[in-house]
Each structure stands twice: as C-alpha cells, then as structure tokens.
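There are 6 protein chains.
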Amino acid sequence: MDPHILASKILEWVREDAPFGDITTELLVPEGRSVEAVIIAKSSGVVACVSDVARALKILGLEAAPLVGDGEEVRRGTAVMKLGGDARSILLFERTILNILMLLAGIATKTRKIVDIVRSVNPRVRVAATRKVVPGLRALVKKAVALGGGDTHRFSLSDAILIKDNHIAIVGDVEKAVRLAKSRASFAHKVEVEVTEPSDAVRAARAGADIVMLDNMSPSKVAEALELLKREGLRDRVVVEVSGGIDEDNVAAYAKLDPDVISTSVITMKPERVDMSLEIERLL
Amino acid sequence: MDPHILASKILEWVREDAPFGDITTELLVPEGRSVEAVIIAKSSGVVACVSDVARALKILGLEAAPLVGDGEEVRRGTAVMKLGGDARSILLFERTILNILMLLAGIATKTRKIVDIVRSVNPRVRVAATRKVVPGLRALVKKAVALGGGDTHRFSLSDAILIKDNHIAIVGDVEKAVRLAKSRASFAHKVEVEVTEPSDAVRAARAGADIVMLDNMSPSKVAEALELLKREGLRDRVVVEVSGGIDEDNVAAYAKLDPDVISTSVITMKPERVDMSLEIERLL
Amino acid sequence: MDPHILASKILEWVREDAPFGDITTELLVPEGRSVEAVIIAKSSGVVACVSDVARALKILGLEAAPLVGDGEEVRRGTAVMKLGGDARSILLFERTILNILMLLAGIATKTRKIVDIVRSVNPRVRVAATRKVVPGLRALVKKAVALGGGDTHRFSLSDAILIKDNHIAIVGDVEKAVRLAKSRASFAHKVEVEVTEPSDAVRAARAGADIVMLDNMSPSKVAEALELLKREGLRDRVVVEVSGGIDEDNVAAYAKLDPDVISTSVITMKPERVDMSLEIERLL
Amino acid sequence: MDPHILASKILEWVREDAPFGDITTELLVPEGRSVEAVIIAKSSGVVACVSDVARALKILGLEAAPLVGDGEEVRRGTAVMKLGGDARSILLFERTILNILMLLAGIATKTRKIVDIVRSVNPRVRVAATRKVVPGLRALVKKAVALGGGDTHRFSLSDAILIKDNHIAIVGDVEKAVRLAKSRASFAHKVEVEVTEPSDAVRAARAGADIVMLDNMSPSKVAEALELLKREGLRDRVVVEVSGGIDEDNVAAYAKLDPDVISTSVITMKPERVDMSLEIERLL
Amino acid sequence: MDPHILASKILEWVREDAPFGDITTELLVPEGRSVEAVIIAKSSGVVACVSDVARALKILGLEAAPLVGDGEEVRRGTAVMKLGGDARSILLFERTILNILMLLAGIATKTRKIVDIVRSVNPRVRVAATRKVVPGLRALVKKAVALGGGDTHRFSLSDAILIKDNHIAIVGDVEKAVRLAKSRASFAHKVEVEVTEPSDAVRAARAGADIVMLDNMSPSKVAEALELLKREGLRDRVVVEVSGGIDEDNVAAYAKLDPDVISTSVITMKPERVDMSLEIERLL
Amino acid sequence: MDPHILASKILEWVREDAPFGDITTELLVPEGRSVEAVIIAKSSGVVACVSDVARALKILGLEAAPLVGDGEEVRRGTAVMKLGGDARSILLFERTILNILMLLAGIATKTRKIVDIVRSVNPRVRVAATRKVVPGLRALVKKAVALGGGDTHRFSLSDAILIKDNHIAIVGDVEKAVRLAKSRASFAHKVEVEVTEPSDAVRAARAGADIVMLDNMSPSKVAEALELLKREGLRDRVVVEVSGGIDEDNVAAYAKLDPDVISTSVITMKPERVDMSLEIERLL
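Order-wise, the sequence lines are chains A, B, C, D, E and F.
Under numbering that gives the first Met the number 0, the letters of the first sequence match residues 0 to 283, in that order.
Under numbering that gives the first Met the number 0, the letters of the second sequence match residues 0 to 283, in that order.
Under numbering that gives the first Met the number 0, the letters of the third sequence match residues 0 to 283, in that order.
Under numbering that gives the first Met the number 0, the letters of the fourth sequence match residues 0 to 283, in that order.
Under numbering that gives the first Met the number 0, the letters of the fifth sequence match residues 0 to 283, in that order.
Under numbering that gives the first Met the number 0, the letters of the sixth sequence match residues 0 to 283, in that order.
Just so you know, these hints were derived from the structure itself, not from any lab.
Remember, it's a predicted structure, so these values are computed and weren't measured experimentally.
Worth double-checking, as some hints may not be accurate.
One copy or any two copies: either way a pair holds, since identical chains are not told apart in the list.
Listed below are the simulated DSSO-like cross-link pairs for lysine-lysine, each with C-alpha atoms no more than 30 Å apart in a straight line [what the hints assert, rightly or not]: (1) K131 x K41; (2) K229 x K163; (3) K175 x K220; (4) K41 x K163.
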C-alpha cells in the first residue's frame, strides 16, 4: 500500500480516536519531549504490514523501523517495531497503530494456520479469503491474507464476475447466467459462478465459467461434483473453489478432495488474537 | 447514530467494495428491476444497530424495516430486516450491510455473554469495553457494546483522562501524575489512573483519582487492592475498574471480588460469530 | 453507478464550478422560482449515462427524466433529458451536467464509430479501452465505453495483472515474469503480458499468460505473431490483444487479422465532439 | 497550484487507479528497489504544469525534476521530467501522471495553435477558454490555457457575472438584466452579458455592461455589432468577446474583425493529442 | 448556497460537535419521539441565511420553516424558525444550527449598523467586507454581509486581482505592478491596487487599475487622494475604496469624503451579539 | 493538536481562500522566489496556538518558528512568528494563517481578561467556555481557552452528560432525569444537570449529579442555591457551575459567591480584537 495513502488513513483513524486530542498526554507530557519506544508482541503469531505502517509513520514525522519481516512469525516478547520521536505523537498514535497491527497479525496468523493444515494434506490447494471483511480496511486485510500465505480472492465487486444465488434467481438459470456473463464481461475479468448442486457445476463449466464455486456442499457432495466434472472432461477447464462453513476443523477433509481453492471467511472474521503493546524505552 | 452520518459512512464503504460498481449485477440484472429481500440470521446472537442501518438505507433510497429490536436475541432463521427496492442497489449494498450487522451483532453477543456471567455472580458489577476496536467504526462498535449490556467506557482519547504506565514513566510518579491531572483537567472530565500494584491504588485514590484501574492483576492481587482501599477509607471515594487479560473463562473470579467495573477487550476483539445472509424473496 | 455516489460526485464538481455560488443567478433569479428545462443535443452522437445522471439529480432535489435510452444515437435537436424544479438549482448545475454528458457522449460516440468499422470487417473482434482516461471519472468513462459497444478492459491497476515493459525490465525476462505472476497472482485475476516481438508472444503464451498484448506492432508483425501462435498450438489458449497507435484510420487493417481484442486510447483521449445545451422551456 | 494541494489530488487519483494497489508491480517488483526514470514526449506539443507535478511528486516521496519549462514546445523524443526513487511508487503513479501531463499539454498545445493563428492576423486579440472543462481539474486546465498563451476567462460561476440567455429569459429583458446586475453585484466583479443580436450589444453596453459577448454570430453579424457599438460611441466602454462555434478553421475570420477576445471551447474540449511515456532508465 | 452543499457542511459540523453522538439525549430521549420546536431570538438583530439553513435541514430529515425573511430585523422574542421531527435529531443539531445562525445574524446586524451610518451621511457609498473571515464558512459569511446591505468584495484570492504592499515590495513599483497585472490578468477580472500615499493613487489609476484602495489613510489623506485624482481627470476612471482601521466610530467621517467603497473587517471580525435559543414547544 | 491534522485543515482553508490559486501573486511573483517574513502583532493580547501553526506550516514546506510562547502576552509590534521560504506559498497562506491566529489570540485574550477579574476576587473559581463556538475549529478554540487560563468544559456532545431544559421537558422531572442518566451513562463520564431554581439544585445533587449548573440565575439566586446545598450537606458532593448572561461586567459578582466554575460564551463568541499582519522582511 502506498505509504502516503496509508498515512492519510492513519490520520483519519487518529482523528476518530482523538477528536479533540489526547487530553491525558497533553496534560502530563511536556511539548517537545522525545522518547524511544518499541512495539512488542505479547503473544505469538505472524506479523503483517509492519513495514507499511513504519513507512507511513515516517511520513507522519516519527522515526519508525520494522524489526521483523512481514509474514514472519513472532513470539511473546519479540520486538516488532522501533519508534522514536515526539512523545506526544507516539502516545497519540499508540492505540491506533496497535489496533491495526494486532488485527492484521491476527488475520495473517489465522491464514497461516489454515494454510499449514491444507498444505500438510495437499500442497497444491490454495486457501483464499472472502469479502467478509470489516469495512474500511479492505486493502490491508487482503494484504495480511497474502502475507499469511493465502490467496486474496477478488478485492471487491469490481474485479471479477461472481454469479451468486440471487443473480441466478433473477436471471432464471445457471447456464443462461454464465453465458450472459461470458458474452458481456470484459475479456480482462474472470467469470465465476456459485453452485450448490454437483450437476450445476457441470452445467456452469460447460457454459464457459472460468471458476466454479461449490458452495456449502458437504465433502461427499464436493467429491461427487469433482467426479462429475472429470467424467465430463471439464475438470481441467475450470478452477474449482470450495466454500461455505469451512474452518480449521474441517478444512483438511476438503483439501484431500483436491479442489483448486478453498475459501473461508474464518481467516478475516475470526482472526487469531495476537496481542502487542507499545513500551517507552528511553526518555530523551 | 444520526442516520445521515451513517448513510454517508455506508456509501464510503460501498465505494470501497465496488470502486467501479458491482460488475456482476450490472451484467445480469436489468436496470429498474425491483425486489423484496430479507436479512436472515444464520446463527443465534444479539442483534445491534439494525434500526440505525435501516434508517440509513432509507436515506439511500431503499425500503428498509427492522424486524427485531436492537439488543434482542435472535436464533438461526430469524428474519432481522426487511428490504425492498431496486435490485441492483440491494445487491450492491448486500455485503457491506451484512459485514456491519454481523460484526456488531458479534460484539453485542459477546458482551451479553460476559455480562450474563458477571451478573449471575454479582449484579452490581459493570462490564466495560476498551479502545481495542477496529478503526473507523468506533461509534457503532461502542453502541453495540451498550446494546449487549456493556458500558462503553471512554469513546476516545478526548473524553476522559486515563493515566497509563507510559505517562507515569514520563511524569515519574503515580501520585504526582494524578495531582497534575486533577489540577489541569477540565472539571467536566473524570481522571482515571492505571496501577499495577495494590499500594499504588491507594496512593492514586488518595491523590484524588476518580477511577482506579487495577491492571493485569491476579484475582488475589485485586482482592488485596480492594482490601487496602477499604482499610484506608478510600473504597467509596473511587470507582475501581479491573482490567487486563480477562475473558469469559476468568471473569467470574474477578466479579466475585466486587470491583465496580470489569473491562475487557475480548468483547470487541473477539466478537462471537453471528452469521447473516440476505435473501431475495420476491421479484417485482 | 449508484445514484447516491454519483450525486455526491456531482455536488463536488458543482462546488468546483461555484465555490461561492452562482453569483449571476443569485443576483437575477428570485429564490423559489421554478422552471421546466430540457437538455438538447446540438450535434449527433451516442448518449451515455443519461439515466445515471437523471437519478442523481433526483436525489439532489430536481425532477429529471431521461428522454433517450443510454447507448442510443441522437441527432441535432433531439431532447435528451427533461428537468424541472428550482431555477437557481438548475442554472447552478447546468454547466456541470452538460460537461459530463458531453464528455461521456463523446466517448460513447467515438467507441461506436470504431466498433462499427471493426464489426464491418470482423464481427468477432472486440474493441477495448485503455487506462488513458482523465482522472476522477474512471467509472463513468468506462461505462460510456461499454454503452458505445466497447469492452472496458481492466478498470484499474487492481483488477487484472498486466505485465508491461518496465516490469519485464526489472524482472529480466518475459517468461520469468509470466511464471512469477501466474504463481503469485490470485486465481480470481487474469494475467496479461505486453510483448513487442512475435517470438515473445509465444514464450508468454507457453508460460501460461491468459492474455497476450501485441504492443505497437505493424499489421504484418501482428500477422506473424498470430501465425507463430497457431503453429505452436497456442492460439486457442490465449486471448490476443492488439494495441498501440491504433485509430479509425488503421483499425480495419488490424481487425482483418483476427485478433481477439483491439484496444485503443483514441476512444477516451479523443472523444467525438457531441454538443448539448440546456434550455429553459417554461417559467412556472 | 500549491504543491501540497496538487499532491493530495494526485493521491486521490492514484487511489482511483489502484483501489487495492498495483497488483502487477507488487507481485513482480521487490520492495525497496530504486530506479531512475524519465518521462519522454512521443509527439510534439507545448508542455504544461510539469513543474507543478514535479513539486507535488517530491512531496509524495519521489525525486522529480522538470527538464523543460512550462509553456515550452517539445518534440518527439524530448525528455520532459526526470524521476527517481522507489520503483513501486513510480510504477504506481505512472499512468496518473502521464494522463494529467498529456491532457494539460494537449490543452496548452491546442491553445497555442489557435493563439498563433489569431496573432498572425491580429496580435491585439486574446484567445480565451470557456467553462466547458472536464470536472475535477479546473485549476490545472485553466493554467494550461494560460501556459498556451490563452486567457483563462472566469474560473467558475463565482468570479464574474455572466448573464446568459436563460437569465434574460427569466428577467425578461437584456437591459433590465444588466442594470440589475450592475447595481447588485460587488464592485470587485465585472458584469458580462451574452447577446445574439447586434442591437442587444448596444443596449447592453449602454446599460453598463463591462463585457459584451457576441454569441453564435456569423462574422458579418459580429462586424455589424462592432460597427453599431462604434457608431454609438460605446466601443471603448466595453470589452467585446466573440464566442460560439469557433475553431481553428474559422478563428482568423473573427480575429480580423478586431474584437477584444475570442473564446472557444475547442481548446479544452478537443485538446491536441500529445503522447508521453515513462521509461525506466536505470535500476539502482 | 445550494441546500445539499449546506446540508453536508452541517453534517460535518455536527460530527465535530458529536463525534460519538449526543450521549445525553441518547440516554434520556426515547428513539422515535417527535417534537415541535422553535428557534427564538433572545436579542434584536438582522437575521441571515435562515431559509438556507431551513432548506438544508429538510434534506437532513427535519421539518423546518423560516418564520422571518433573511435580512429582516428581529427583536427579543421573535420566532425565527419552526422545526419539527425526531427529537433526538433536533437536539443533536441544536447547538450547531444556533451557532451558525447567531454568527451570521451577528455579521448581518453589524453590517446593517455600519451601512445605516454610511447611508445617513452618503447614500452612494458602499460598505464592503474583507477576507478577514473565520475559515470554513466563507460563502455563508459573505452572504450574511450582503443580507446586511454590504458588498461582499472579492470572495477569495481567485476572483479579483488585489495588489498589496508585499506584492509591490517584490515587483518594486506600484505602476509596474499594475501594468504587469493588467497585461497578464484575464479580461474577466478586475485589477485593484492598495496604496498608502495619495500620489500612488494617481500613479495606479494612470497605469490602468480598475480599483484603487486607499489603505490606512486618515480622512484628510483620503481627501487629498480624491482631490489629486479629480485634478488629474482620473476620478471617474477608477473605483476608490477606502480601508484600514475603520469602524462604526469613524466611518461617517470617511463616507462624507465620497469614496465609492468603504471596506472594514469589523463586520466579520466583531459581529454583534445576536442570541438565539431553541425551545421545544410540543411533545408529539 | 497533531501538526499533520492541523496541516490538512490549513490546506482545506487555503483551498477555500484560493479555489483557483492566488491569481495576483501568480501574476506578479516569479516562481521560485524566496523571502523571509514575520508575523507581527498590531495590538496587544495573549497569543495562542502559534507553535501548533508553526509546526503545521513546516509540514507544508515553509520554515516557521514561533517567537513567543503560547499563552504569553504580546504588545503592538511584537514579532509573533518568523517565516521563510517560497514567496508564493507565504502569500497564499498569509490571510488564512492570520485569520486563525487572530481569532485564537482574541479568544485567549478575552479568556485571560475574565480569568484575571475572577482571580482577583476568588482565585479558587474556574472560568470555563461553552459550546457556543464557531463550527469547524472546535479543538483549536478550546485550546485557546486553555491557553488563556480557562477551563475547556466538555468538547462536544459526546464527552460528558449535560441534562438541559429540553431533556427535562421530555423526561418530565429533574430528579428522574439525573437518576436515569446516572444509571445509564458510562462510569467514565460525568453527569451534569442544568437547573433554574435553587430547589432543583438540591434535588439534582441528591439524585447524584456530579455537576449542577445554575443557569441564568441572578447572583442572589445563586447565593440562595449555594446556601441550600450547604444546608443539606450536599455542597461538597457536587461541582457547582454558574452560567448564563455572564460577562466581564458582572463576573466578579458571581465569583464572590464562591461557586466552583463560572462558564460564559463571551470568551468564544466575543473574542477581543487582536490584530496581526505578515510583513516580508527580506527578498532572497
């Protein structure tokens, strides 16, 4: 993420967290006081976007250096980022920075956890995020997924066609919907379609879908759909994504079936808890 | 939350989710098509801000009526909100609305859960949120806490004095920090101070703190602090808040000790998963 | 485009066109005066986004009804939109609305013109826009292209991978760049690569590119590239886009060669001039 | 234009062009890689606002130095701006910067072309722009007009009174409209009125208009209006502007008639095509 | 002012006044409660922009009707605006609306006061505002000046040329500065120059200035400047503005000298105190 | 105030003051010209936020150094801030900076004046501001109050409970309102209530209000209320604020009665006039 864009987002969040300033700090910390501080992990996890945040903080007038690489695992006690500069600024920004870094690390950590399970079973299968993401932080959240080893999936409603149940209800039929979409969509975008029945997977693939999402199917139904696609000679012509109700407990069962992608909202909706705190190390 | 302010926030989030529109819907759903839809809970929980969102959606041109009261519990299958109007709009807004409602319901549900545990042990004790909140949604998140039965605590760095370890490190001493803050802060704001030792709780109370936060203390240390305060005749002069590492597993132990407030980031950082979906019910 | 989003864009543009109001109108037109007006084409062309603008103007308090369908051709004298309401508002918005409608009609008209040339030669070939677009109006401009019969191509840097000369210069090699991109990109996004030599087209296709853009090649070089791809059995595995220096004068020569897509910045950079004016028809 | 204001506009445009980042570059270009690049003209023209853009890019963290002066003519191959810094940033900003510089150079070039025709005929006559300008870039577009040798005319509805047909329709009469405006307008603003009949030019001048715009008149009608004004002794009391349907083909005919100003939307609506590209020169 | 633009400004101000809502009202006033209220003048003055504010409030969902005309004088007890609708909204907006209406009425009242003094002495002389205006409210403040009977003067640095001491210091000479400005400025804008010596007034007028501002001159020096201009036959060729240190106590002395305009920052910097309050009249 | 937040506010204000640039300066001052300038007080007063503004200007590319401390008194002729850098920037920013500094100094000066009166009578009593503040500048205005020696009071509707007449009208009763508020408000916020009768002060205090505001009472009624509170043993349990119609003429009479706080809108609504100007000292 461009550091100037992130810097302006951080300022906006700081304005939310301090509409009239940090009244405690302004009462107690003299103007012009400098400090050195460090952000420390208080639990283990995979950190994300630390270098992005550090670059943005430099634009905002602080010294800031990442002490671990993005996507790396840290343990309780690991120093994550070094900060220096005006004490009032650091205390004003503290909570906002921690809230972001903790959220993003939580997402990267949960992604890594599920990716590791899947890889141990079937290294070919990708783990992807969904659009079930807290509003306002989409770009960072998707980057955290990638740093955790996941696939970002589409970022928004504007970058890939995804035909869902409500669309099909209006168009009237899976095949018709896929054909319409293929003929009207830009050649630059892929066409994906969500199906809930194995037979519809075949019809979607035949109609030219680039990606077929098997939604809310049990493992046995997924197996049936994959089998049907193979039998019809369509398996290599589509990317098969499995989605719906998948979490760390059942993901291995799906991975074994050898779909191309498993997507789950768990990685963005139930991030691991990765705790961090900011500690002032030296008064200058 | 004022519905026009929320409406403009929703538009901003929709812009994030569809910077160039909902390309699938625009390809497949004819302009001018109207539908009726309903938002359904797919798991149980306490809903929050449904009426706020409905009011905002009306400003954005949709029919929208809450079907359950905010703060009420719903079960899998309960219809939460009725929607009507332009099909393209409804599908464009779908994910954004669901993401918000699910997050807020998750927070209200987790709050309720912890509040219920605390009340069963000690009905006098309040459960409060912290500022560990995802950026950009502060007002809604705090409202969800309140709807779940929790205390919002301060909203931001601007509405109450909270002297923390880093401030004390700079000022040099708990008592001095409290006295400085009391003399300089506006009479309209309370002064709270975070202490990690029972003896500091006494010193803070004596210096005039309105609220003393016992931070990261074990139950036995909390008990010791409360005992000390009583012995010094200070217990009634301060609000005692307990904080740090508290979750559903250990909150009862703290509640029994009879502090005034127990605050925990768990209610905003690890919301319950409350799933909802939007279903088109009728094509008009 | 969601009408509330467009309405807020229009307000922003009106603020640019009248930072302290429309001083002429405020001096001469009494408050509360109502009028009926009409937007008239003063030259022929294909109109675009008229219904979007009309919906947005309704949100801004005016009566507004499109009188022609988007994508339809109009002639000098055709009434394009009917407007009613407060005279001051209509005069304040006049220039902004006309500027947008004229620009978008100009783009749709030029697109249609080139699409018609291409179709007369080879109906299978798509005409696509590029990202050479005036900043701030991307979504509307792309929609105008679509209404003119063109393909929007990717909307932004975020919705498809397009490996260009500068990327290859940094990575060092076409094939390596394509392989890297294919392995790292999300499965939801296509990978396109720009090549300037026919042999590179083959290497790119072999490396797995979804789309190969033949950039700045003469028709004979394009023919050579297509021939090579066929010979290697790769023609059906990639979408072939031709781009660079193409306009109405030479597009037919390229279309005859049967690529899949011809993209040209002419449709957004040199729109046809479609003139419109707003005329007050009745004072109420 | 203040460089910080332009920098924030550029960031906004980059956000439009990359709502979730430049996914190609992020996949292929390592973080922290530095390059030197140059913007090169690929066709001849008059450049505009190069130094403004360079100053803004410095604020955004790049090295940037204009290599030609604003308002200077360049030829195919001329290096226009030197850039240095983070490769990812440069590639992210590339298209946005080129789109602006090409548009503004196109406007300056077209302005210069028309100014040159006019000067060769009558050096006293000014060539002015109109408000037919793409929304969102008004200040830069007007500056490009000035750099091309044109007169900006009023910037917006707020900086001069311009009484048009629709105003007169409401007020009922040219003279009455001018008198009303003169008495009510601030002394700091000029009063201009648009007339379509030579006799109205006289009435407007007599009523005190500072500027009379002869709108959509043929050259012979313009001559008649100027003659009438002279005869009535009013020629020196008003600035005479000629406008409507004027372009490079007929501007000389109007210039010969010796009005004070000729305004034309051609310079902003049909800019010359000035092509530029960004080339990476050195990997650091 | 366009009511949608004002509505969005009001929302922004309400967000400043209630970043996390109106916590008192939300605790005490039930959702959905409707009331009727009235804004009452608590001291006498000239009201301004009441109808603008009422129109904006309607957009924001309230019933709102002005009860006095803008520019009219009110007395203690006069009802200024009627309001109806959701009690929570009305209480949330109360202070913001009152703060604006009181400020604008204060400006209109002070303007009227000075205009009345001037008119009683010399009805031909205009009273004008300056740019000494609180930031963020320029358009409204200038409108209040006009409603009080004053001349808005230029709105901003973009709508008229005003050559001040610092410009002359850089250019080196009044005459040179005026000539440069006249030759370079758009024909649509007036050129004004600030002088501190009577002889410079003559030089400025001779160089072609449209307006000469006699800055910080005593009445006798102003008389001298006017006399000099007359003697040189320049008095009718320039608008003469007198400015600097003028207030209600000395304005008559200047008005008697018969300049064209007297400008004073007193009308925007020291508004009269016009008190208003909002009273709930009926609970519905 | 965080300097980056203030810098972006200043840019926004400059955009208001120069939507299309400072056309005078751009015509007359060559690009790249540097100057040194100084802001000078032209009347005496207490300066405020000079260091905040200087820090923000540095972010905006100027050299800027405060020459007096915030809260210090200056006299006519005192140099307040030193500025250096690009002449065009300094002239562009001049008026905006002066407008802010003059307003804030005016507020600090008036606050100091009233604080001095109060202290001379009763050093224990605080002077507090209200929310009668021009919109858009709340944080700076409150800081100016503090620098003048005043108490900011609550910043907004979100940081303390203040039960006013309209709330009581809806709830029906002072005591009920206070009890409701105390039970529902966060423990982090104080509960204040406005009363107009001495007996209500007692009822409010008994119901648990943290602060009782005696609104619009004459000194004798205030004395009665304080006496009643003492008699009931409640005086030490509440903060007593006196408000309504208080200014420099009558504040001493109230201060003598020994309330805790006297609040008055005079300090923000009728700031002292503190004049400043920017003078270019050296052309570089």
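Status of each hint after checking the structure:
no.	hint	verdict
1	K131 x K41	both (27 Å within a copy, 15 Å between copies)
2	K229 x K163	within (23 Å within a copy, 36 Å between copies)
3	K175 x K220	within (23 Å within a copy, 38 Å between copies)
4	K41 x K163	between (41 Å within a copy, 18 Å between copies)
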